[in-house]
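K.L.:
If you're matching them up, the sequences are chains L, E and W in order.
Taking this note's numbering, the leading residue of the first sequence gets 159, the next gets one more, and so forth.
Taking this note's numbering, the leading residue of the second sequence gets 630, the next gets one more, and so forth.
Taking this note's numbering, the leading residue of the third sequence gets 2, the next gets one more, and so forth.
Rather than coming from a laboratory, the hints here were simulated on the basis of the structure.
There is no bait here: all hints are sound.
Facing chain W, from chain L, some residues (calculated, C-beta under 10 Å):
| hint | residue |
| --- | --- |
| 1 | N256 |
| 2 | K262 |
| 3 | P337 |
| 4 | A339 |
| 5 | L341 |
| 6 | H342 |
| 7 | S444 |
| 8 | A458 |
Okay, derived cross-link-like pairs now, SDA-like style, lysine to any residue, Cα gap no bigger than 20 Å in a straight line:
| hint | chain 1 | residue 1 | chain 2 | residue 2 |
| --- | --- | --- | --- | --- |
| 9 | L | K220 | W | D204 |
| 10 | W | K315 | W | Q585 |
| 11 | E | K714 | W | G410 |
| 12 | E | K648 | L | G297 |
| 13 | W | K566 | W | E85 |
| 14 | L | K220 | W | I463 |
| 15 | W | K467 | L | L457 |
| 16 | W | K467 | L | A188 |
| 17 | W | K509 | W | R521 |
| 18 | L | K220 | W | N201 |
| 19 | W | K228 | L | D261 |
| 20 | E | K853 | L | A487 |
| 21 | W | K395 | E | D711 |
| 22 | W | K467 | E | I909 |
| 23 | W | K395 | E | L707 |
| 24 | L | K220 | W | A218 |
| 25 | W | K306 | E | F930 |
| 26 | W | K470 | L | Q217 |
Treat the numbers as computed from the prediction; the structure is a model and nothing was measured.
Cβ coordinates follow ideal geometry from the N, Cα and C atoms, glycine included.
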Amino acid sequence: MLRYALRRVLLMIPTFVGITFIAFLIMHLAPGDPVELYFHGGLAAGIQGASTERLADIQKAKEAERRRLGLDRPLPVQYAVWFERLVTLDLGESFKDNRPVWDKIRERLPVTITLNLVSIFLTYLIAIPLGIYSSVRAGSWPESLLTTSVFMLYSLPSFWVGTLILIYFCGGDYFLWFPPAGLHSLDYDPSWPLLRQLRDYSWHIAMPVVCETYAAFAALSRYMRSSMLENALQDYVRTARAKGLPERVVILKHILRNSLIPMVTMLADLLPSLIGGSVIIETIFSIPGIGQLGYQAVLARDYPVVLGLFAISSALTLVGILLADLLLAVVDPRISFGRAEQ
Amino acid sequence: MNNERSQSYRALVWRQFRKNRRAVASLYGIFALLGVALFADLIANDMPYYVVMNGRTYFPIAIDYGARLGLVSWPGALRGVDFKKLPNEGALFPPIPYLPRRADLSEESFSPPTARHWLGTDQLGRDVASGMVHGARISLTIGIVVAGIQLTVGILLGGLAGYYGGWVDLALSRVFELMLAIPTFFLILTVAAVLPPSIYNVMAILGLTGWIGVARFVRSEFFKLRGLDFVTAARGLGVSSSAVMFRHILPNALAPVLVSASFSVASAILAESALSFLGIGVPADLVTWGSILAVSEQNTFAWWLAVFPGFAIFATVTAYNLFGDGLRDALDPRLKV
Amino acid sequence: MLATLVGLCLLTECSNREPSAPPAEEPESTREVAGPPVRGDWLVQWMLADPQSLNPLTSTDAASAELQGWVLSSLTTLDPQTLEQRPVIATELPQVAPDHLTYTFRIRNDATFSDGKPLTAADVLFSIKAIKDPEVNAPSLRNYYLSVADARAVDDSTVEFRCSEPYFRNDVILGGISILAKHFYDPHGELDGVSVADLNRWDTLAPDKKQRALRFAQSFNRDFHRKILGSGAYDLADPDRDLITGERIVLRHRNDFWAPGDVMRGDGYVDRLLFRVINNPDAALIALKAGTLDIMGLLPLQHLKQTDTPGFRKRFAKQIAFTPSYTYIGWNELRPMFRETAVRQALSHLVDRDRIISKVLFGYGEKIDSPVYRFSPEYDADLKSYTFDPERAKKQLDDAGWTDHDGDGIRDKVVDGVRTPLGFEIISNSGNTTRKNIGLIVIDEMRRAGIDATFREVDWSIMLEKVEKFDYDAVILGWQFSPADPDLYQVWHSSQAVPGGGNMVAFKNAAADEILVDYRREFDKDKRIALYRRLQEIILEEAPYTFLYMPKSITAFDRRFRDTKWYPTGGPRLSEWWVPRAAQKYGM
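If we strip away everything but chain L, and leave its shape as in the complex, we get (with noise of 0.2 Å):
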């Protein structure tokens, strides 16, 4: 166990040159120059540039850009350059403003996490509950209501839930009961009282939470409802309710235990969804996350920050899914990770 661990982590190593090294590829195999954007980028505004009698000026001043951004080297030597940096951690500098893109990412950071963790605690809260009485009641009609209800949340588009929520309960012409953008109110101000602060906070980001939990509880709880429904089969129920159990004992001590175990597994694999945003979301209610971030920096080719995103999402990823892996290795025996037995 402890050496397929070991060997697992080792691993990781080159999937994770793999994967940056492809989305290096991509983004610079793509189409658009971020230094031509940056020349001409008034071209989008509709201003007329310089004249061109000094063009040979002009090609100077973008050849020397692309110097500066080393945009000038052959792409496997530019990919190294990048992942010494980031051995050392250092993400390097956008290319739109020159910040360090850890410093972009940082201050987009908590929102992003805050909402994920929100709505991950929410829809564990809702999807289990929901799921055992799914499942104690399976085939009655209530629970076919429900089933087709939960079903249906899943099915709705994020898109066309937001627009609708932002259009009928943020104000405008019908109910203001939600604020329309942004995490503060107009007047806030950090020497607020906590209390304050939070509930101002929580009021701007309940509808984005809404958004993004609806449909993931909707999925987690009927993954609850089939554990639990695999588990009530199982030979030790039937011994716990021979035994004389009450039912009641049976399904939330010996049932429930043992369903939750994928739920927790489940857990690990969420971890890279921690700080992937969600671009729909945030560009409905103005949320200043990493998924416009991301957006945005694709549309500008600024490809610090979108080689940083994917380094920091796949890295996470990959620990997330060994962790994962690990977890239900050491629940579930039947699985064994060695060759094919002879």
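Once you've looked at the hints, dock chains E and W against the given chain L.
P.N.:
The following block gives chains E and W in isolation, referenced to the frame of chain L:
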């Protein structure tokens, strides 16, 4: 002869499935959608089924099919005409006499549902009902093709990893990790922003980034199954590895894979509509459910642009999800009484 | 939407004569002057995206420019009403030597930066040096100042610039330099020993001077993203408190501003300028209605459908004005099918501009036929428009030999020995719904005329590449008008039809070339006007663009503000807005 005992697996599953009314309803829904998608050209088209001009009868829709296949060419009299404006001695138009991509400025734009346009029009006067019908074709095609790609790649790679284990599994698992670790949406965004917009590209991207779930699932199924007796028996009899994999193990693992196929279709449709909504990857003059929905985001008073396509996406995805769920319940031998 | 943004961003800069179209809604309570302006209250504006950086030279986005406009001052500025230059830091307009090469500015001795330090000629000199330093990350800005040969501080309050060639806009360009505080941006005085002339001959410059310029540039490029110091009436003294990414930026009024009450020099009456960052126009409208925004540019539909209630009209006034920008379809003349003038003219007749304006812009736009701003004196009012006339277009194409020879439904012709179908792809940048709708409408009409037209949206960076390399058929783009003293050289001169130039359709016309060159050296305004009248006729005749429209902007703002005058160029001067004490909403 006792028929019950020798009932085939398929019949057994079907009987179990039928008991689940919700799942059966979703199956009917899927059939209806498939019907709409197949016959879209006959349901919504701005060319008539037949038209009589100068004593001669023409079948424009059929001619159109033929012309597109290269079999026939348009008779001179009919080239490029607007059938609705042409004087004729008789013509029969499909129930929705519009094509979704004709931006007709003479039609009222942003019209709410009326007798003329049953589901309203968008900003350019394009009929929404027609867009829904033809959009069904696009959504279903994308859903099925994407799911197909995901299944094929996933079964292949997952099966190999699960059956052989050892180094093969180690290497393939690294590939899985690689694919899994790449933030998919990000990747899709990047690639789609870069490639010329076309639904083929969208299908390829979605297919090639979404097979990991299937692969991992198949892999764990193969792990469980390869240790079972029937496999040992087959190997003992000298059956080759690939035959063991694909003719013995796979059929047993197939059932749950079909379940995930259904979910794949659902999520592919959702993903495509999200991309359409963001305006990525889909050509500008292609009308899809997501693209109609996108117009509604900027024009919130035009509720018909939000309700109908949103509902269509939602209903389709629900149908596929319910079907998959029903299939899963029907296939699970342990859930039978 | 881009046009609306552009409209808002041009607020502090543009100017021109009176528009011929009156504003649609006159807010009653804001016209009467209710006494002398008083200070106080805040003005809360909307920003679509965060400013990239506060660095006055290296940032290129509109949000940064807007903030810098409040915090920094320049030597002179454009009067939005009379269109003439007015002194700000300068005491008067510059003295121009007879050879039009030397410009002398005298500057005020009472101007101070917001940290209290005085502004002197040394700061002005430093500012031009910073621009000219090739290692400073501002190449596109530097292009405007290529002809500045040298500059020197004659004394503490006099600066002299020497240009290498005569150009009638030199005084405007020099006057527009934002004055940077030397003690803030170059605390170690690296550029002290380097002159503008030195920076001009970078390649042969002595190594020690190069080092100094390099050192300066490195720290300048890197250290000034989140802090800024200027001599304007507002400052951003505490970025940690007032510059919150993704949320808001707060600029506060300086009590020690050196020209109190002088709006032309930049003073404003509100205590704070608050910019809320909201990425989504829907959310922004909701914020406006909820009272958390004071002013916002509305999209036509928002104006027509979502802000029509009596309740809204009681709290907000709306102003409709022309935005000095225009949208067009450019036909790449390097493509075989666009070489003929007749074809381009026919295509122009196939575009139904009235319908486009009414359907896509909901009526908030006006047809234009020239790259010159409608309300500029240079504008030729007698131009004959291209009417929407498909029959005429078809005939024109037939006459030019473009008919359907091979029976496939598409016109074709033998060009350079090859049978070429009349087919092309129109591109525009993705994310712009207006242009997409225009494209779809246009190709539909063209298809009906036997042209195989298609439309595609592309990512902006790809679009740039294609357009620069002339690797496209037709494009939908826009330009901003320069309301005062336009110079169309970059866009229309044949020498600019190179990768990176502004002449992206490869328009080459000898007569136009001559006019464009003569114009730049003409210092008599009336003669310039005559030259450009002729130019517009040529351009319209040759039809390298199909000119589409000039959009109108709709701005909604809280009625509590007074002196909300809209200037003929398309925007108000926000610095003169004030709120009577009784109606003030926000405290200090």
